[in-house]
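If you're matching them up, the sequences are chains A and B in order.
Numbering-wise (my numbering), the first sequence opens with residue 1 and increments by one.
Numbering-wise (my numbering), the second sequence opens with residue 1 and increments by one.
Bear in mind the hints are in silico, worked out from the structure with no lab data behind them.
All values reported here derive from a predicted model rather than from experimental measurement.
Do not rely on the hints blindly, as some may be mistaken.
Unchecked claim - Okay, derived cross-link-like pairs now, DSS-like style, lysine-lysine, Cα gap no bigger than 27 angstroms in a straight line:
#: 1; chain 1: B; residue 1: 319; chain 2: A; residue 2: 319
#: 2; chain 1: A; residue 1: 280; chain 2: A; residue 2: 319
#: 3; chain 1: A; residue 1: 319; chain 2: A; residue 2: 275
#: 4; chain 1: A; residue 1: 233; chain 2: A; residue 2: 275
#: 5; chain 1: A; residue 1: 233; chain 2: B; residue 2: 319
#: 6; chain 1: A; residue 1: 313; chain 2: A; residue 2: 280
As the list claims (entries may be wrong) - Label-pair ranges, simulated between beta-carbon atoms:
#: 7; chain 1: A; residue 1: 233; chain 2: B; residue 2: 49; range: 55 to 63 angstroms
#: 8; chain 1: B; residue 1: 215; chain 2: A; residue 2: 35; range: 17 to 25 angstroms
#: 9; chain 1: B; residue 1: 49; chain 2: A; residue 2: 147; range: 18 to 26 angstroms
#: 10; chain 1: A; residue 1: 42; chain 2: B; residue 2: 39; range: 49 to 57 angstroms
#: 11; chain 1: B; residue 1: 215; chain 2: A; residue 2: 147; range: 38 to 46 angstroms
#: 12; chain 1: B; residue 1: 49; chain 2: A; residue 2: 193; range: 51 to 59 angstroms
#: 13; chain 1: B; residue 1: 188; chain 2: A; residue 2: 201; range: 52 to 60 angstroms
#: 14; chain 1: B; residue 1: 6; chain 2: A; residue 2: 42; range: 29 to 37 angstroms
#: 15; chain 1: A; residue 1: 145; chain 2: B; residue 2: 184; range: 49 to 57 angstroms
#: 16; chain 1: B; residue 1: 252; chain 2: A; residue 2: 158; range: 53 to 61 angstroms
As the list claims (entries may be wrong) - Footprint (simulated), chain B over chain A, 3 or more residues, beta carbon under 8 angstroms:
#: 17; region: 72-86
#: 18; region: 91-97
#: 19; region: 122-129
#: 20; region: 213-225
Ideal Cβ positions, reconstructed from N, Cα and C, are used throughout, including at glycine.
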Amino acid sequence: MSYAVETRDLTRVFSGKKKRWWRRKPTPDEEESLGPVTALDGVSLQIREGELFGLLGPNGAGKTTLIKILATLLLPTSGQALVAGHDVTKDPFPIRQRINMVSGGETSGYGLLTARENIWMFSQFYGVPSKVSKARIDELMHIFGLWDKRDAKVRMLSTGQRQKMNMIRGFVTGPDILFLDEPTLGLDVNAARVIREYVMNWVRGQAGKTVLLTSHYMAEADQMCDRIAIIDKGRILACDTPANLKRMIRTETTFQLEVDTIRDTTSFMSLQGVKNFSHKDDISKNRSHLTFILEDEGPVAEILSSITSQGAKVHSLQKSEPTLEDVFISMVGRGLD
Amino acid sequence: MSVATERRTDLRYRVGLNLRAVVGRSYPRIVGANREPSWIFFEAFLPLLGIAAYVFIYQFFGLQATAAILGNPPMCGDHVCASVAEQNQYLAAVNANTNALIASVVLGGTMVAFWLNVLWSMASQLYWEKEIGNLQLYMMAPMNRMALLGGMAVGGMVMTSMRAVSTLVAGIFVFGVIFQVANPLLLLAVFFATLIALYGLGMMFASLYLLWGREAWNLSALMEEPIFFSSGFYFPLGGLFRIPGWGPAVAIAGSFIPASIGLDALRQLTLGSTAFGGSLWIFSVTTELEILVGMAVLFLILARYCLAYLETLAKREGKLTSRHQ
Chain A
1 MSYAVETRDL
11 TRVFSGKKKR
21 WWRRKPTPDE
31 EESLGPVTAL
41 DGVSLQIREG
51 ELFGLLGPNG
61 AGKTTLIKIL
71 ATLLLPTSGQ
81 ALVAGHDVTK
91 DPFPIRQRIN
101 MVSGGETSGY
111 GLLTARENIW
121 MFSQFYGVPS
131 KVSKARIDEL
141 MHIFGLWDKR
151 DAKVRMLSTG
161 QRQKMNMIRG
171 FVTGPDILFL
181 DEPTLGLDVN
191 AARVIREYVM
201 NWVRGQAGKT
211 VLLTSHYMAE
221 ADQMCDRIAI
231 IDKGRILACD
241 TPANLKRMIR
251 TETTFQLEVD
261 TIRDTTSFMS
271 LQGVKNFSHK
281 DDISKNRSHL
291 TFILEDEGPV
301 AEILSSITSQ
311 GAKVHSLQKS
321 EPTLEDVFIS
331 MVGRGLD
Chain B
1 MSVATERRTD
11 LRYRVGLNLR
21 AVVGRSYPRI
31 VGANREPSWI
41 FFEAFLPLLG
51 IAAYVFIYQF
61 FGLQATAAIL
71 GNPPMCGDHV
81 CASVAEQNQY
91 LAAVNANTNA
101 LIASVVLGGT
111 MVAFWLNVLW
121 SMASQLYWEK
131 EIGNLQLYMM
141 APMNRMALLG
151 GMAVGGMVMT
161 SMRAVSTLVA
171 GIFVFGVIFQ
181 VANPLLLLAV
191 FFATLIALYG
201 LGMMFASLYL
211 LWGREAWNLS
221 ALMEEPIFFS
231 SGFYFPLGGL
241 FRIPGWGPAV
251 AIAGSFIPAS
261 IGLDALRQLT
271 LGSTAFGGSL
281 WIFSVTTELE
291 ILVGMAVLFL
301 ILARYCLAYL
311 ETLAKREGKL
321 TSRHQ
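Just chain B, with the same shape it has in the complex (with noise of 0.2 angstroms):
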């Protein structure tokens, strides 16, 4: 071009490109969704209701518990209790155990809405822009398009994040839940590194699902219910290990999904090691938030590859523009 404006390419330019382009996508998650106050009542009030089923599941098998124990004659365990401090120690484990079952629940809970934006919003969301016509005027910009993706996820953070904690203080006060936080710059690191590896995961099936198109409704169908189970949402996933025969190989599964181990790793950090006999846990705090990078940067370079390849095979088969084509 001889008259046209002179563009800059440099990596300076390059870089604050992607970065408005980031801020940019993540604006409508951020400020458009919380314009409708509904999103309180539907959001942070209802899942609630989800978490106060297994809460109240939990408070009657403490209270069995503690009635077999002040019962007559005074069970400890499968024997009788032999004296009155026996049964004081049951009666505190059976307490201690219920509250952090409880908050295992109220964790999990919040972490639910993670995974549901992750699967409904952040991996579907390529389909829906498509379908809306926003994903042509996307991917015609010049922006990178992990900025894009980037920026979508971060949206879902922030968004998702207001929610998790409404949900996580309404369910401290309704259920009095109480936290031990030793050590809150490895909480910290364990909460950001989960949310990185699961926004991760759900920045690849993003690329997935433009290549699925409608189809890929039924894999968000069926990996909602399953998940929240093999993933130990609503218990400590370290129960299903000690389920003779299925309970290891679902666990197991499960635990490809970051939030599993995410959530493990959380809920070490917010009980003490110590919660449930130390035994319902799968690794480490440290060795979790290590898998946890791990899974994280292996997501990340995933998704940039499938979607780069995504949209190289949808631009040659013409599925990029219109649901038409």
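Same shape as in the complex, but just chain A (with noise of 0.2 angstroms):
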């Protein structure tokens, strides 16, 4: 089996920030939040070549860690890093020669380039000829629906624009190896779709290309993803298919509920049964959103009668197949939002 991305063990620290004798004295809290983090914490992965494989953890996971080190943006603290069968820490050469990087909310580039120059220059960086990265850049600005703004400077783009950009900088320069860290992050849902379609067809099209994508949106990574892993606080908690993750909460059950704005929800995780839990505001319509992941139905009337008596009214009730959210739900503990 060949791999195109394989960790072992490996581990990150960040050491935090040093004290100076010229800085303020640290508040107890902030002294807490300036101390070393483990970003990584023994990770081990196999990524197959040709396969896209999906990173799914909330904010300070451990996943953008994880894509520097792979992309030798940062050196692991312990444990070994394989790219293309090449060490990140010994031989990054040959890793650089085969892979790109693309994170959602990038500002990246020059304001005073067009689209096409400035993805133009970054190609020169990995040595694609000119004319071949310009014939490039036109298809695929064609596919990303980006040519009517070749010629548009960068600061003028939209951030759906730019991104598509900097998506285009991700392929011109014929990658084997791509990581999207959060590609589609605050794009419409037609920029999204575009996007979304070129990576799987870039995967599945052609032979010995990979992508590593990480996403905040389990739907986009259900869709997309041959496999998932799930990682929190730096560790993997699962790694499998899509499907085969949602088969192995299947035995639980999964309820949605649609409620008044409520504001104790400690007392959920107290009732016989309920495995987790977790809600979502919806300010603007005074609501909650309350997803429960269950044993059995046994423990509904209990969660409802909790619910009324702290004076809500339950709108919806509904009972739902497992997905990739209350897989992450049941293993994280928490939603991602």
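Build the complex from these two chains, which are given one at a time in their own frames, with help from the hints.
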């Protein structure tokens, strides 16, 4: 089996800010936040060549740190990371020839250059001949719907247009392995769809192309990825196909409720039979959306009683098939939002 | 990788890759920066005002000296002129020295553009690139890091040369400066050696600024005005050596900036080594050229090692990729 990416017991600790005599003495709270942070804690992963692999985790879970180590931008504290069979610490050059990375909300490039010039400039750092680069850029600009903006200065582009430009920058160098860190973050539905479709076709339409994708959008990961790893607090909690992950919690029951906004949600976890729970507040509608992962239907009555005892009205109650989000809540103990 | 594309790693490929990277990185500076016509006002016209201040001071001194020579009694230095011939000789010397001083200022003002570009656009560029998110994309690319710095330097040199030439031409026309170039090849050699040494220094600073981050701004501010003085941007640096006490110390300190030595050589080559009675030059042109070549090699080597060391350090500490880390 040939792996595009392989990590073995990978750990990364950020040492925190050093105390300097000229800096103000930190408060106890600040002291805690300035201390060492373990961003990755013994991560072992194998991503197969030709795979579209997803990494799901809440903010601060270690997703970006992992991608940056794999992109040779950060050294691991311990453990080993291999990309295309090469060690990120000892042999970064052949890795850099084969990879590229695009992050959501990226503001790279120079505002005075046009979109086309900007992408061309980055392609030169990979040694792509100008003629080849310009032909690829034109083709990708047509595909991503950016052709009309090819000669617009980067600073005049909207967020979505800029992200499309970033995506083209990622593909134009002809990488074998592409790291996509929240690539559709903040994009409208159409722009996100164009990007998703292109990424899926890119991986599946040709041999030897691999994508490591991190996303906040569970549905996106579910739709796109061959396999998904769930990461939290620097540890991999599960890694399998979306279908197998959902199967893992099929013995459990998922209930979704829409209720008036409720203040006290702590009591739900103490109810017998509640395995996990998450909630989202919709302030504009004065509603709360609650998701319960239950061992069986038993606790539903108690949940409803707990809600009504707070004076809140139940607007809807729905039993649902497990989604990736349910898997996530079941494992992490909270939703992504 | 079994299916993935085979990649070339031979020397020819690497040379091509790094040359493309140099061209790519210099492009925004050469093409992008000239897209805004406002540079003509800010970077060609405004520096003329700074130059004009010194020109008017030197013209005033020249007029005062001329008035003394033509006065009653006519003074030739510290004594009354013995003859009309001596008086004319002194008048010619005053005119020549005034023109030489004004020409020195125009040349120095031109070189200021390069120093400011090195200080604010070259030295602090990697810090800026980090802030806007470009640095991690550069560091992830397979190009050599020196190609990145080289592209920044080439772009900076070309862009600033356009501005400097504009300032020089405007200075010549506005202030009526006369240059006499006897050895244009040597002049070009000194000019390019100065630029390479100067930008080599900038490349070295760029690496250090990456480590110091925002605190490096103070260093840039510290090195702006004092260097104008200690490097003799607006007067022949040899003049400082003639000030007893602190003068030579300041001049020696300023000479570590390649612009000082380069400017001294350029002035000798454009004004003639006999200007100012030949007493205000530091070394001969050939010696200064040798020093500049030495500085260029030294700074480029130091820049190479500084960047390699600091890149590893930044990757270890997590400072390379994001301003938040």
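Of the numbered hints stated earlier in the document, which are not met by this structure? Numbers 1, 9 and 20 - these are the hints that the structure violates, sorted from lowest upward.
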